[in-house]
Amino acid sequence: MKRFSLIVIAVWCGWMVHAQTNVTAQSSPASATTNSPDATPPPRAPTLIDSDNSADFDLNGHQAIYRGHVRVDDPEMKLTCAWLVADVPQAGGHPNHIVAETNVVIDFTDTKGQTNHVTSDKAVYLYSVQNGVTNETVTFTGNSQPVMENAQGTQAGDVIIWDRANNKIHFDNPHMILRQNLNGATAETNSPPVKTNFPPGTIENTDKNASNHIGDRPAF
Amino acid sequence: MNAKANITRALLAAGAGLLFAVAPGVRAQQNGLQHANNFTSTEYYGPTNQQQIKSILSGAEALPQPGGLLIIKQLKLEMFNPNGELEWVVNAPECVYDTFKGVANSPGHLQVRTGDGKFRVEGEGFLWRQSDSFLTISNNVHTVVENGAIMNTKP
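So the sequence lines, in the order shown, correspond to chains Z and P. Using the working numbering, the letters of the first sequence map in sequence onto residues 5 to 224. Using the working numbering, the letters of the second sequence map in sequence onto residues 6 to 160.
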């Protein structure tokens, strides 16, 4: 009987140790997740908008108009233009309409560290959420064709639409100027640039390393 | 801005023989407008929403001037929407309000921010038009938009 009791106690103690081990093992990931330094992303740096000249604010209409040398300095993007109008969101809201006009220049860097440079007469930012789907685009237009440049070359179109929600760029009537890539490095040559006329439409798969499909969405 | 609108209303009210809503140290002036220290003026929405505050104007000093002008020092204007939410806060060290034209201006500094503080603007020199709540900042306009309020960041 004593032997049986000792066996029962030993089994019970062993089960308890096993149970405690399991509890520890199960709780470890949770505590690790909770205490992870990556759990809370660092706060995003603010966006700055400066203009040397005047700016108008319609406080009833929640709209701001900047004139002169307008600069937008964002952690992921820099923009300059001569005129910019932005809807000021209500508390907790998101702006849905921003227009930049005249000598618009935007520089942004994607997740691969590639710098993209866009010039146009006009850029229109639109944001909306419909049926739970976020639509966020920047449309570049102008009398002179908007142009996007990066390390792979230069692309122009009658209209360039930067679909930020889907990380794609759409060109209407696109024209591409490609730099020849020799030995895996970008080569600067004196030869005239190669111009290729693509049919109208999306050319997102033309060069996945270029700016047609962007892995990141820098802020406007 | 609205502060100025409020000031306007307060001034008109003072000219009509009324007092600022809160005015310790008020003394009468010959023109009917009154000098006020540490004043506050509260404006309410119209007959449909009489209990709701539209704006609160406060200042360290209001100095009546000839021609219906009023110098306001340490101006602070808070504007609320009909739901009672704070929409705008305006601060200016000093401005001149024209009670006849309903405009205010100053060559000095101005700060404006939304109620949640995520949109802040400052600059030098301004003109405020009370009739349509329209503000022009003349120079060195600097805007801060906090935490991606203007543009979305990453998907």
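Some clues are possibly wrong.
[What the hints assert, rightly or not] Far from chain P, some chain Z residues (derived; all Cβ distances over 12 Å):
1. Thr-51
2. Asp-54
3. Ser-55
4. Asn-107
5. Val-109
6. Asp-111
7. Gln-134
8. Gly-146
9. Asn-147
10. Gln-156
11. Gly-157
12. Thr-158
13. Val-163
[Unchecked claim] A few chain Z residues that face chain P, going by a derived Cβ cut-off under 7 Å, partial list only:
14. Ala-59
15. Trp-87
16. Val-89
17. Val-92
18. Ala-95
19. Val-137
These are calculated hints, taken from the structure and not from any lab test. Think of the CB as a built atom: it goes at the ideal place given N, C-alpha and C, for glycine as much as any other residue.
Taking the hints in turn, this is what the structure says about them:
1. Thr-51: 4 Å, violated
2. Asp-54: 5 Å, violated
3. Ser-55: Label violated. Min Cβ-Cβ 5 Å, cutoff 12 Å.
4. Asn-107: 18 Å, holds
5. Val-109: Holds: least Cβ distance 16 Å, greater than 12 Å.
6. Asp-111: 14 Å, holds
7. Gln-134: 15 Å, holds
8. Gly-146: 21 Å, holds
9. Asn-147: 26 Å, holds
10. Gln-156: Correct as stated: the minimum Cβ-Cβ distance to chain P is 23 Å, above 12 Å.
11. Gly-157: 26 Å, holds
12. Thr-158: 25 Å, holds
13. Val-163: 20 Å, holds
14. Ala-59: This interface hint holds because 4 Å falls under the 7 Å limit.
15. Trp-87: Violated: closest Cβ of chain P sits about 13 Å from Trp-87 of chain Z, beyond 7 Å.
16. Val-89: With Cβ-Cβ at 12 Å, over 7 Å, it is violated.
17. Val-92: Given a least distance of 6 Å, the restraint on Val-92 of chain Z holds.
18. Ala-95: Holds: closest Cβ of chain P sits about 4 Å from Ala-95 of chain Z, inside 7 Å.
19. Val-137: 12 Å, violated
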